[in-house]
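First to last, the protein sequences are chains R and V.
Offset between the first sequence (1-based) and my numbering: plus 12.
Offset between the second sequence (1-based) and my numbering: plus 8.
Note that these hints are calculated values from the structure, not bench results.
Hints are supplied without guarantee of correctness; some may be wrong.
A few chain R residues facing chain V, derived, Cβ under 8 Å [to be verified]: (1) 66; (2) 68; (3) 81; (4) 85; (5) 88; (6) 101; (7) 102; (8) 104; (9) 108; (10) 119; (11) 120; (12) 299; (13) 302.
All C-beta atoms in this analysis are idealised placements derived from N, C-alpha and C, irrespective of residue type, glycine included.
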Amino acid sequence: MSANAAVIDVKGLTKSFDGRRVVDGVSIRVARGRICGFLGPNGSGKTTTIRMLCGLLRPDSGAGTCLGFDIVREAGEIKRRAGYMTQRFSLYEDLSIRENLDFIARVYAVPDRRRAVETALERLGLQPRADRLAGQLSGGWKQRMALAACLLHDPQLLLLDEPTAGVDPKARREFWDEIHDLAASGITVLVSTHYMDEAERCHELAYIAYGKLLVTGTAEEVVSRSRLVTWTVSGDGLFDLAQELRKQAGVAMVVPFGNVLHVSGVDAQALERTIAAYRGRPGLEWRRSEPGLEDAFIHFMGDVREGQR
Amino acid sequence: MSAGSWRRFVAVLVKEFVQMRRDRLTFAMMVGIPILQLILFGYAINADPKALPTAVLSADNSLFARSFVRALENSGYFRVARRIATEYEAERALAEGEVQFVLTIPENFARKLVRGERPVLLMEADATDPAATSNALAALAALNQTALARDLSGSLAYLQNGPPPYEVRVHRRYNPEGITQYNIVPGLIGTILTMTMVIMTALAMTRERERGTMENLLATPVRPIEVMAGKIVPYIIVGYIQMAVILVAAKLLFQVPIVGSLVLLSVALIVFIAANLAVGFTFSTLARNQLQAMQMAFFFFLPSILLSGFMFPFRGMPQWAQWLGEVLQLTHFLRILRGILLKGNGAAEIAPELWPIVLFLLAAATIALIRYRETLD
Numbered sequence: 013m014s015a016n017a018a019v020i021d022v023k024g025l026t027k028s029f030d031g032r033r034v035v036d037g038v039s040i041r042v043a044r045g046r047i048c049g050f051l052g053p054n055g056s057g058k059t060t061t062i063r064m065l066c067g068l069l070r071p072d073s074g075a076g077t078c079l080g081f082d083i084v085r086e087a088g089e090i091k092r093r094a095g096y097m098t099q100r101f102s103l104y105e106d107l108s109i110r111e112n113l114d115f116i117a118r119v120y121a122v123p124d125r126r127r128a129v130e131t132a133l134e135r136l137g138l139q140p141r142a143d144r145l146a147g148q149l150s151g152g153w154k155q156r157m158a159l160a161a162c163l164l165h166d167p168q169l170l171l172l173d174e175p176t177a178g179v180d181p182k183a184r185r186e187f188w189d190e191i192h193d194l195a196a197s198g199i200t201v202l203v204s205t206h207y208m209d210e211a212e213r214c215h216e217l218a219y220i221a222y223g224k225l226l227v228t229g230t231a232e233e234v235v236s237r238s239r240l241v242t243w244t245v246s247g248d249g250l251f252d253l254a255q256e257l258r259k260q261a262g263v264a265m266v267v268p269f270g271n272v273l274h275v276s277g278v279d280a281q282a283l284e285r286t287i288a289a290y291r292g293r294p295g296l297e298w299r300r301s302e303p304g305l306e307d308a309f310i311h312f313m314g315d316v317r318e319g320q321r
Numbered sequence: 009m010s011a012g013s014w015r016r017f018v019a020v021l022v023k024e025f026v027q028m029r030r031d032r033l034t035f036a037m038m039v040g041i042p043i044l045q046l047i048l049f050g051y052a053i054n055a056d057p058k059a060l061p062t063a064v065l066s067a068d069n070s071l072f073a074r075s076f077v078r079a080l081e082n083s084g085y086f087r088v089a090r091r092i093a094t095e096y097e098a099e100r101a102l103a104e105g106e107v108q109f110v111l112t113i114p115e116n117f118a119r120k121l122v123r124g125e126r127p128v129l130l131m132e133a134d135a136t137d138p139a140a141t142s143n144a145l146a147a148l149a150a151l152n153q154t155a156l157a158r159d160l161s162g163s164l165a166y167l168q169n170g171p172p173p174y175e176v177r178v179h180r181r182y183n184p185e186g187i188t189q190y191n192i193v194p195g196l197i198g199t200i201l202t203m204t205m206v207i208m209t210a211l212a213m214t215r216e217r218e219r220g221t222m223e224n225l226l227a228t229p230v231r232p233i234e235v236m237a238g239k240i241v242p243y244i245i246v247g248y249i250q251m252a253v254i255l256v257a258a259k260l261l262f263q264v265p266i267v268g269s270l271v272l273l274s275v276a277l278i279v280f281i282a283a284n285l286a287v288g289f290t291f292s293t294l295a296r297n298q299l300q301a302m303q304m305a306f307f308f309f310l311p312s313i314l315l316s317g318f319m320f321p322f323r324g325m326p327q328w329a330q331w332l333g334e335v336l337q338l339t340h341f342l343r344i345l346r347g348i349l350l351k352g353n354g355a356a357e358i359a360p361e362l363w364p365i366v367l368f369l370l371a372a373a374t375i376a377l378i379r380y381r382e383t384l385d
């Protein structure tokens, strides 16, 4: 495999459960050593897509490769070379951390198993707790242990399904530092998340909603592609103001962020005309600002919903 | 009860019914198990087995001999299954459990009878299960008085007075004192193994699914056959420990004779245990949670106990129940167990009971492997 070939390269993945299309024509390309953030609301098909990538589910249609292996015919090869971290903790709660890692290392036939386990324990700072039962660990430690288990067999691709759900900010930061270290060493990462700060730490993003891939690109590209224009307003009576603004022409969405409102629209002129009427109101301060990722995503989601109606 | 308490009670009640309705299998089991019990206990079980297969080794084809055999059949308890020519065949037929009785009519039976020499008829019974033979032997005793009544006429009429002009000697083979424990305790090995092995494996796999560890396992390169073997072998060892415990208890507490080879028993045991584990594994691929797996195991266990000949004589059951029983692996293993322990059977005698277990094992393992999916679909 050449250095810049896509590690994940799938086209038109589609999967239905009981006649409901959960993933609909999703195509993703991720190059080696890149961190791709996989975003989307709950139930949008992220987990199903990831499971298809690592051979846990067979796509109804669509095809492609992971690490150069066909995702349908060569799932076994992919399993040997990829690390998959499930959304729900899926190691054995009645085994200790070391026993869990030892089991995984055996299953992957890791050479020099004992050393590999000790190295993994050390790398993620698990050594002091190595003999604690996994079931007694807090969420943050469970997540570290799961990552350690994924890394034991030196995978070239990591598929992480909401790895930081329910983990405190400090542990999340450490986790992401680790992910960047791994990417720097040439490992490709596809990570699903709900957190915008995490999305911003990815090299590129893929946003999926209702089973359809809506947008891909870097964070900046995603924001600019939304063509949103955003104004920030601060002052008094914001709650009533938000209700009022939502009915106005040119306003696509009004989102409260702490003590300010983000007022966004696609049509810059229409939005400005609307805002002009409120400019004069005493106690309000208007400022032109940049739309955030979250604004962009919510906007994209709204578009799909309109389309489905 | 206050109004608030009543409402909370109703809340729980309604929730329980909703959950019960959602878990169809559990509901089906709650209805199915009583029906199964009703059918098995009501129709299949009969503590008074009749028409027991009997082999006749006759060296005398006289009228008297034929009359006696006819009288046996007319009692309803005996059915002449085959005629045999040698004592070796008789021995073999009893050991393999092909017949329950062997009647030996000696040479010159008629001549000695006419001379008033009281010739001896030998009735050998496979008494491993005393319950299976006791009624038939009682009927045999009653029949002595009348069996030849019609033939002893004319000049022989005097023979009708006094004791019968011949003697029937009964040999209760393998269990001469008719001790029930001799039959039950070896049977327990099979029954206990079936229960623990099926339940343990059914739970082992379902637990992976219920706790979510299945997804991780499937994402690794491990193959179905490897998972199955890895999960089964520990329980094979447990099975051997169980057998050893029961055998020691059988010897020390109940003085059950151990006539045959324990090595041979161990070989048969491995096939039997594997068959049970394959059943458990199949259940675990069907059940969605551990409760369902338990219920399936119970649903399987019930006919195993009732139709295998463990509790009730196999030959007492109607034909359809015997066919069902023949399918079950426990039925065959019980025959092997009792054969080796009580009769001292060797490899040749147990072979006819071993291959049905192998067949059962292959069928169950095939279903298990087909059902076990490498994907989450």
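Verification of the hints:
1. 66: Since chain V brings a Cβ to about 6 Å from residue 66/R, closer than 8 Å, the hint holds.
2. 68: Residue 68/R check passes; min Cβ-Cβ to chain V is 5 Å, inside 8 Å.
3. 81: Result: violated, 13 Å to nearest chain V Cβ.
4. 85: violated, 13 Å
5. 88: For residue 88/R, the interface hint holds, since the closest Cβ of chain V sits about 6 Å away, which is under 8 Å.
6. 101: Holds, about 7 Å.
7. 102: Check passed: Cβ of residue 102/R comes within 4 Å of chain V, closer than 8 Å.
8. 104: Residue 104/R check passes; min Cβ-Cβ to chain V is 6 Å, inside 8 Å.
9. 108: violated, 15 Å
10. 119: Check passed: Cβ of residue 119/R comes within 5 Å of chain V, closer than 8 Å.
11. 120: OK, holds: residue 120/R within 8 Å of chain V, min 6 Å.
12. 299: With a minimum Cβ separation of about 47 Å from chain V (threshold 8 Å), the hint on residue 299/R is violated.
13. 302: Check failed: Cβ of residue 302/R comes no nearer than 40 Å to chain V, outside 8 Å.
The structure shown violates the earlier hints numbered 3, 4, 9, 12 and 13.
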